[in-house]
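Student: Model the placement of chains G, L and H on the given structure of chain X, informed by the hints.
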Amino acid sequence: MNALKNPRLLGMLAVVIVLAAAPIFFAEQNYAMRVVTVGMCAAIAVYGLNIILGFTGQLSLAQGGFFGIGAYGVGLLTTDFDWSFWSAFIVTIIGTAAVGYLCGLIALRTKDEYFAIFTMAIGFIIFLVISRWESVTHAHSGVNNVKFPEGGGIIDFESPVAMFYLVFVILLICIYVTHAIRRSSVGRTLLTIRTSEDLADAIGVRVGFSKQLAFAASAVLGGIGGGLYATVVGFIGPDSASIDKTFEFLMFILVGGMGTVAGPLLGSMIVTFLFELFQDFQAYRFIVLGPIIVALVIFAPRGIIGYLGGIVDRRSRKQKIAEARRTADGASPEYDTAKSGTVTSGIDPEETK
Amino acid sequence: MNSVPRTRSRRLLSSAAIGTLVFTIAACGGGGSGDGGDTVVIGYTGPLSGGGAAYGENVKIGLEMAVDDLNDDGVEVDGKPVTLELKSLDDKYAPSTAASNAQRLADQDKAPVVVSPNAGAIKAIQQINSGRSNFLISAYTSDPAIVQSDNPLTMMIPPNFESYASEFTETGMKHGGKKLALLGTQSEYGQQWTKSITDAWKEAGGSVGGDNSVDYATVSDFAGPVSKALADKPDAIFVGGPSQPTALIMEEARKQGFEGSFLVMDQAKLDEMATVAKIDNLTNSVGVLPVSEYEDPGTKDFIDKFADKAGDKKVPTSETALNYQGIAIITKAMEVSGSTDDPEKIRASISDALPEVDDKYKVNGFPDEITDQGHLLNPNLEATYLDDDGEYTKVPIDQVSDAK
Amino acid sequence: MTLLEIRDLGKRFGGLDAVKDVSLDVEEGRITAVIGPNGAGKSTLFNLIHGYYRPTSGSVTFKGDDITNSSPHHAVADGIARTFQTTHLFDDSTLLENVLAGRIVRSKSTIFDAVFHTPRHRRESRINKDKAMEALEFCEIDTHRHDLASNVPQEVQKRTAVAMALATEPELLLLDEPAGGIPEEETTDFGNLIRSLPKRGVSVLLVEHKMSMIMGLADTILVLDHGQKLALGTPAEIQSNPDVIRAYLGSTAEEKK
Amino acid sequence: MTLFIQQLFNGLALGGVYCLAAIGLTLVFGVLRIPNLAHGALYMLGAYLTYFFLTTIGVPYIAAIGIAAIMLFVVGVGLERLVFHPLRNSPHTHHMIAAVGAMFFFQALAQAIWGADFRRMDTPITGELRILGAEISAQRIVIIVVAVIVLALLAWFIKRSIHGQTIEAIEQDRVGASLVGINPSMVSMLTLGLSALLATIAAGLVAPINLLSPTMGDALNLKVFAIIILGGLGSLPGAIVGGFALAIAETMTATYISSGVGEAVAFIVLVAVLAIKPTGLFTKAVQR
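Protein chains in written order, with numbering that gives the first Met the number 0: chain X, 0 to 352; chain G, 0 to 403; chain L, 0 to 256; chain H, 0 to 287.
I should point out that these hints are in silico values taken from the structure, not numbers from a laboratory. Don't take each hint at face value.
Going by beta-carbon spacing under 8 Å, a handful of chain H positions derived as facing chain G [claimed, not checked]: (1) Gln5; (2) Gln110; (3) Ala137; (4) Gln138; (5) Arg139; (6) Ile208; (7) Ala253.
Cβ atoms here follow ideal geometry from the backbone N, Cα and C, with glycine treated the same way.
Bound-form chain X, shown alone:
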């Protein structure tokens, strides 16, 4: 394995190691532990968003809703129905998968802006159901005392450190799964759809079905994140399903880098800390944060990972190209390969229209 030569993997590894070691320094700081753990729950949902948005190129605004379904599934089952956390968690995941799949059936008939707004409507309906269906969800009273995961007498999940590692391990699994998906032909299928549905059709990709799967997968990750969130914070209210959550997730993924493997994690952590950092400005923090968000989107449109990845890619591709040239010795150097990756051909279609 040449994993050590791959700067992307190295970077990812670095982030993971730093996170894994965090409790060593922060174990006594409940606040830091809490922020990071909640941030990781969100990061799981963001990985879900990465599948549908980053890989497949469909902007889904229902992610906050699925996150809410996950949170309320675990919350209600462990309190009102007195299930154990683990059974509630698994049933909830299956439940979100089903809801995601069903929503996908209709949602994927639509495209582009329509898809975005359609999913926004779905997310909002989920929110309304949660905040209005009082007899089941307790509406605005919320769900209190969500159970901790049962440690089977071995691990005590009431300890923030144990909880941290639980979420961390599940997060790692989710990251690995998204990474595996991306590398596999499934991932290539999704990337194909992102580029052009017509082309995908032409090379034999089952566009509708693949989109459907991607949507369901993203819903599942949303549900997992939400379910963990419920047990981490112990009390959940309808705000855990609100559209604001969706936008938060979008911000995370955009700052980290869409379609990248490390982006959602890094983005979630950085934005979460930014938000906490600017807490000191209280009501006026958004006078500063708003422009920062705008600036990030404008100046690092591919996110931090996308930005760093671009550098790495260019370098490694240059090497590979040179190698390919050398072996084939009949090179045709009539164009500038050094520009690879940054400049795309032609005039911008929007400008010329």
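Tutor: Same frame as chain X, now just chains G, L and H:
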């Protein structure tokens, strides 16, 4: 898809942007302050931006006034002078953010007490305030659920809202009639009120129409919901949410020809409502007593000070006044217990501290006892009836128990 | 042997016939061409064969199976690949990655194989890469394999499109104006590439404007006009067909110099 | 029966509110395909500025709206220059997040300047009308009438521009009449400026029936998106029909079913319509 034309300058800018970001995050590590030894941080997490910002600000003003006044008077704990410092964080009304904020205030600022003004947030904070972290919650909500949870470190400030139901019902029926329409807000609290009033009204032999509750914050035009409520030809209407939209609803009802009485939920304050609607449209209503109508020893001075601080256009409300009182009580409890960092001791001393509190801090129905569950009780709770001449008449309230 | 049999195929959009009563046999191992003026229905015909549109009448049979109402991905799975008039490529990906995308349809491994890194997954990844490299080499663009698609010249892009289609292991390749946008002097090379396809076991059906290229390339030519068959025959027959000369060759050939 | 008529009028007035708020958004969304989530914030700023000139400075009502509208035009242009222009080649996601950032900024700014308290804007238009036993205020009638007029005018102005001929829209517009041959980025600027201007007119008319607060635009934002998608992107007649239809559906379901359903009905209708017709009611099926 990705056809962003990038130039060298742009790349530079993005490096700069990312660099700044990394730098700020590195700088974030520090945090924590307040090791001045004799400074005690009073933590506050509330909605300071977003839809609930006005409410959160009102609470904050009360806290600031209390901290300023107490510092001026001088606080002495265990023989040492202590300076109070208020540290406020914004939670945008989100319970989980509120809990994170509270955790931060307790961890980094060593705040022995954290004030929170909404039930959801308080429930979320109760998950963490007694156990690995210890701090007292100064809870500004009239939802008794927060004391029913038997959290040992919660102090509930306002009266239990359920106390109002029977008296409101009686007054509302007397001045209106037997038929009630429900038009409260769709918040957690609004719904609890709706339920409580419905029960009391039925018990008193009245009839209650369908639930027309709407979310006051998201309705663009109240005319529709009001028309619907009036369609049943009610004699009385239950309304309530934030003061200003409540006033608008009442005004709309009057314009559409409603002549019966209003039952106004305690979240809305009649005097504050009068700042956005003509008083004529608000009369014949029963609601909580405006701060200015209280006759506690410190009320007058408090109102003057409030005007200095917030301008005379703003009306002081119980959100401000009760939290002002609350901080004074907690500070006195610190003095009595001789501890600024042991929330259990502070909580235990509240009972003894109550009679010791200086008169100037008694502004809005001062409590004389605290229940075992942590509820401050004011012996003479009063509501008010606003008659057709715009005069307030006090209505005494019997308090109900907090038990479920 | 007849690979593809088109019988009385028709498609109406609104009240207009885009394609009407077209019949055509595509023989195995041959290159068949469809020509006609703009709007003659050539691309619509392609879209009908490939399942992108549903025909309103007629049938399409591939290797004896009726595929009239099949969908594009089924068509590809059955062995019919296509390229587009305007080149569709993944601009942000390298040529190799582009061609690998063509392997999706032949991949059996699922998400679970990918997650658990099963032997099947590994075996398949290796095969996919080999096949993609082979297609790149066949199209003589393997030296560009690590270049981004958006950075290579038009001709290489066109070849990549062919390589991607070949990676799906088709028996029939539909080429929609494969030489469009390529400088005149390079069309000969490109023609040679197309000519070598039947030897690989890939039969070709193509739409092309460049007459010179078609005449030297195709075994059979179908001439469409207003969605209907005008003539069908060998290049020589077509060149001497008076209807064709009048309707198409006479006018457009001159325009097109 | 009286209830029905009363609610019909209430629904119409609400439809007017929705339509007025939707106009600017349709413009930007239809012409530039930017989902401007900051539109609600522009609406809010417009309301506050109108309030400022009307109440604090004491300018007459119409003039206050006019001055505020012009100021918002500048804000809109600024927004385009600083935020959307640099993003013109990026996918929608970027626009959305940037718009959310801008929205946060505007809300915080308004709170910093005017405070978080609710404010009431009193206008010279007072009194009620009695129609068929239903009571409706003059301000609401003004809203309905202005909404229809403005939308009709606008539809007539830029009808043909939506699907590609962007520049023509501005050419036909009196502001742009002198700018024949302008470049696309000028079109973007003017469109956003115009949308902010229209949002201010809407806010100036609508704000008096409710309250001013820094988050007043939020409630409208989601619904207005539902309306313009329902009507079909960029279709102004679609926005009119969608706005009134959803408003009446909302009032009626709230009246005859429950207020909860009333709140959700806009989105349920949207989901149902898109499930059957994925491009909205009035699009001419032009998908890229």
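Student: If you test the structure against every hint from before, which numbers come out violated?
Tutor: Failing hints, ascending: 3, 4.
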